[in-house]
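Chains A and B, in that order, give the protein sequences. Each residue of the first sequence is one higher than the last, beginning at 12 in my numbering. Each residue of the second sequence is one higher than the last, beginning at 4 in my numbering.
Think of the hints as simulated: they come from the structure by calculation, not from any bench. Ideal Cβ placement from N, Cα and C applies to all residues, glycine included. Wrong hints could be hidden among the right ones.
Below, a sample of chain B positions facing chain A; criterion: calculated Cβ distance under 7 Å [what the hints assert, rightly or not]: (1) D138; (2) I150; (3) L231; (4) F285.
Using C-beta positions, here's what the derived DEER-type ranges look like [as the list claims (entries may be wrong)]: (5) A:I240 - B:S201: 55 to 65 Å; (6) B:R135 - A:R255: 32 to 42 Å; (7) A:L27 - B:G127: 10 to 20 Å; (8) A:V19 - B:A131: 17 to 27 Å; (9) B:L43 - A:V19: 52 to 62 Å.
Residue-level listing of the chains:
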Amino acid sequence: MFQLKAAVGRILQLGLVLWAVVTILFLMFRLMPGNPMAAYIDPTFTEEQQLALMAQFGLDKPLWEQYFIYLANLVQGELGQSFRYREPVAERILALLPNTLILTFTSLIIAYVFGVLAGAYLAWRRGSAVEQAAIPVVLTTRAMPEFWLGMVLLAIFSFWLGWFPAGGTRSAGTDHGNLLGLYTSADFLSHLALPALTLAIYSQGLPLLLMRSNMLDVMKEDFVTMARIKGLSNWTVVVRHAARNALLPVMTSFAIAVGYQLQGNVVVESVFSWPGLGRELVNAVSASDYPLAQGAFLMIAIVVILMNLIADLLYALLDPRVTHV
Amino acid sequence: MSETVIARPALVSRLFGALRLPINDPFAVAGLVIYAVFVLTAIFADQIAPYDPTEILYTEEFDLAADLRPGEQGFVLGTTSLGRDIFSQIVHGSRSALLIGVTAAFMVALIGSIVGLVSGYFGGWIDALLMRLADIAFGIPFLPFVIVLAAFLEPSIWNVVFAMALVLWRDTGRVIRSQVLTLRSRGYVEAARVAGSSNLKIITRHIAPNILPLSFLYGSIAIGWAILTEASISFLGFGDPSQISWGYMLQDAFASQALAKQAYYWFVPPGICIILVVSAGFFITRGYENILFPKLGR
Chain A
12 MFQLKAAVGR
22 ILQLGLVLWA
32 VVTILFLMFR
42 LMPGNPMAAY
52 IDPTFTEEQQ
62 LALMAQFGLD
72 KPLWEQYFIY
82 LANLVQGELG
92 QSFRYREPVA
102 ERILALLPNT
112 LILTFTSLII
122 AYVFGVLAGA
132 YLAWRRGSAV
142 EQAAIPVVLT
152 TRAMPEFWLG
162 MVLLAIFSFW
172 LGWFPAGGTR
182 SAGTDHGNLL
192 GLYTSADFLS
202 HLALPALTLA
212 IYSQGLPLLL
222 MRSNMLDVMK
232 EDFVTMARIK
242 GLSNWTVVVR
252 HAARNALLPV
262 MTSFAIAVGY
272 QLQGNVVVES
282 VFSWPGLGRE
292 LVNAVSASDY
302 PLAQGAFLMI
312 AIVVILMNLI
322 ADLLYALLDP
332 RVTHV
Chain B
4 MSETVIARPA
14 LVSRLFGALR
24 LPINDPFAVA
34 GLVIYAVFVL
44 TAIFADQIAP
54 YDPTEILYTE
64 EFDLAADLRP
74 GEQGFVLGTT
84 SLGRDIFSQI
94 VHGSRSALLI
104 GVTAAFMVAL
114 IGSIVGLVSG
124 YFGGWIDALL
134 MRLADIAFGI
144 PFLPFVIVLA
154 AFLEPSIWNV
164 VFAMALVLWR
174 DTGRVIRSQV
184 LTLRSRGYVE
194 AARVAGSSNL
204 KIITRHIAPN
214 ILPLSFLYGS
224 IAIGWAILTE
234 ASISFLGFGD
244 PSQISWGYML
254 QDAFASQALA
264 KQAYYWFVPP
274 GICIILVVSA
284 GFFITRGYEN
294 ILFPKLGR
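Work the whole structure out from these sequences, hints included.
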C-alpha cells in the first residue's frame with residue numbers, strides 16, 4: 012500500500028514541477044523585447060481583437076494580476092491567438108501533436124527493437140571482436156548532431172537516389188480523406204521514412220548500451236548460474252532467463268526517451284519540414300509569434316514531465332525493491 | 004608517481020588523480036589526440052586558415068569564387084555559395100566549439116558541484132529546496148528552452164552557454180549530492196567535526212577534494228552536450244551571427260541548397276568535426292570512468 016502513497020506523492024510533485032515550468036514560461040515570455048502586450052497582441056490585429064485580447068489576458072493590469080489571469084486561462088486551455096495564423100493557438104497545437112507523436116513513436120520503436128536485440132547480442136558475445144568494434148561505433152552515433160545525419164540521409168536518399176521525398180508529410184495534390192487514411196497511405200510512410208530513420212539511428216544507442224550492461228549484470232546472478240548448471244542450452248539461458256530480466260529497466264527508459272526525443276525533434280522536424288510541434292516552435296520563435304511559441308513550448312514540456320512521471324511509476328511497478336519513487 | 008602524490012595537499016593530489024591520463028585505453032588515447040589537435044587548431048586558427056572565414060573571395064579572373072569544388076582554384080575544401088573558403092571556416096569553427104564547450108562545461112560542473120555539496124552536506128530544507136529545483140530543471144525541455152532564451156536575449160554564444168548552464172547543472176548536482184551523502188558519514192569527516200572544524204573547512208578540505216573527479220567527469224560530458232547544442236541552435240538560425248561555428252556552416256549549407264547541389268564537401272566536414280570532438284570527449288570520459296570507478300569498467 013505504501014507504494015500507492017509514494018505514487019500519489021510523486022504525482023503531487025509533478026503538479027509542482029508543472030506549475031514551476033508554467034511560471035518560468037510566463038516570466039520568459041515577458042523577458043522579450045518590446046512592451047508586455049507584445050506577448051499576445053500583434054500590431055496588425057484589428058482594434059476589436061486587440062481589445063478582446065487585452066481583456067482576456069488582463070494586459071492592462073499589473074504583472075501579478077496578469078499572472079493569475081494567465082494561470083486561469085491555461086487551466087481552461089486558452090493560449091491566445093496565433094499572430095500568423097489568426098486562429099486559436101490551442102487548436103493549432105493540437106492539430107500538430109499527432110504528427111510529432113507518430114514520428115517520435117515510430118523512430119523510438121525501431122530504435123528499441125534494434126537496440127534491445129543488438130544489446131543482448133553484444134552482451135552475449137562479450138569480449139569478441141564484434142563487441143570491441145561495435146561499442147565505439149554506438150558511442151559515435153550518440154556524438155552525431157541529429158540534424159546533420161538528417162541532412163546526409165536527405166542528400167543521399169532523396170536528392171541523389173530519389174528514393175524518398177525531401178520533406179513534408181504528403182505529396183502535393185494528394186488527399187487521403189481522414190487522418191487514418193493519411194497515416195496508413197504509402198505516400199505518408201515514404202515521407203516518414205527518412206526522419207524516422209534519422210531519429211532511430213540517434214536513439215538506438217541508449218537502449219543498446221542499457222540492455223548490454225543489464226545483461227552483463229543479470230548473467231552474474233545466481234538464477235542464471237543455476238540455469239547453466241541445470242545444463243540448459245546457451246540460447247535458453249541467454250534468451251529465456253537473462254534477457255527477460257534485463258529487459259525491464261530498458262522498457263522504463265522508453266518513457267524517458269520519448270521526452271528526450273521530443274526535444275531532438277525540434278531540429279529534425281526542421282530539416283525534413285515535418286509539420287510537428289518542434290518545427291512550429293522554431294518557426295514561431297523566428298517569426299515572433301509569441302502566443303504560438305509559448306503554446307508549443309508548453310505542450311512539449313507537458314509531454315516531457317508526463318513521461319518522466321510514467322518512467323518513475325513504471326520503474327517502481329516493475330521492480331518492487333524500489334520504494335522511494 | 005604515487006610517492007610524490009602523497010606528499011601533496013589533498014586537493015592538488017585529487018586534481019592530479021583526475022588528470023591522470025587513461026593511456027591503457029586505445030580509444031581514450033585517440034580521444035586525447037583528437038582533443039590536442041582540436042585545441043591547437045583553435046589556438047592557431049589565424050595561422051592555419053588560408054583566408055578570413057567571412058571574406059568573399061574572387062578567382063584570378065575576378066569572378067566570384069562561389070560553389071567551387073574541392074581543389075578548384077586551390078581551395079582545399081571548395082567554397083560556399085557566397086564565395087567563402089570552407090576550409091578556413093572549418094578551422095575557425097573550432098574556436099567557437101572550444102570556447103562554448105569549455106565555458107559551458109566549467110559552468111555546469113561549478114554550479115552542479117556547489118549545489119550537490121550544499122544540498123548533500125547541509126540536508127534539511129536547503130536540500131529539499133535545491134532538489135525540487137533540480138526536479139523543475141528536469142521538467143524543462145532543454146533544447147526548446149535554449150532556443151527561446153537565445154532568441155529573446157541578444158544572439159551571442161554567451162547567452163547560449165548561460166541557457167545551457169541554467170538547465171544542465173541538474174544531472175551533476177544530483178550525482179554529487181548522493182556522493183556527498185555517503186562521504187558525510189565517513190569516519191574522517193566525523194572526526195573533523197568532533198575536532199571542531201567549521202562546516203566550510205570540512206567541505207573544502209575533506210569533501211570537495213573527493214568529489215572533484217566526479218565534477219571533472221560531468222564537466223567533460225557537458226563539453227559534448229554544449230557543442231551539440233550550440234550546433235543545433237546555430238543550425239536553426241538562433242546562433243551568434245558574428246561567430247563562424249560548425250553549426251552556422253551547416254545552416255548556411257542547408258539554406259543554400261547544398262543538399263540538392265550534392266555539395267558534400269560543404270556539409271559533411273563540419274559534421275565530421277563535431278562527431279570527432281564530441282566522441283573524443285566520450286572516449287576520454289569512458290577511459291576516466293575506468294580509472295576513477297574501476298568497478299564500472301566492463
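Here is how each hint holds up against the structure:
Residue-level restraint check for D138 of chain B holds (minimum Cβ-Cβ distance to chain A is 5 Å; threshold 7 Å). Look at I150 of chain B: its Cβ gets to within about 6 Å of chain A, closer than 7 Å, so that hint holds up. Hint status for L231 of chain B relative to chain A: holds, with the closest Cβ pair at about 6 Å, below 7 Å. Restraint check, F285 of chain B versus chain A: the minimum CB separation of about 5 Å is within 7 Å; hint holds.
For the pair I240 of chain A and S201 of chain B, the beta carbons lie near 57 Å from each other, so the given range of 55 to 65 Å is met. For R135 of chain B and R255 of chain A, the Cβ-Cβ distance of about 37 Å falls inside the hinted range of 32 to 42 Å, so the restraint holds. Taking the beta carbon of each, L27 of chain A and G127 of chain B are about 19 Å apart, inside 10 to 20 Å as hinted. At roughly 18 Å, the beta carbons of V19 of chain A and A131 of chain B sit within the given window of 17 to 27 Å.
In this structure the supplied range 52 to 62 Å holds for L43 of chain B paired with V19 of chain A, their Cβ-Cβ distance being about 57 Å.
Checked against the numbered hints above, the structure violates none of them.
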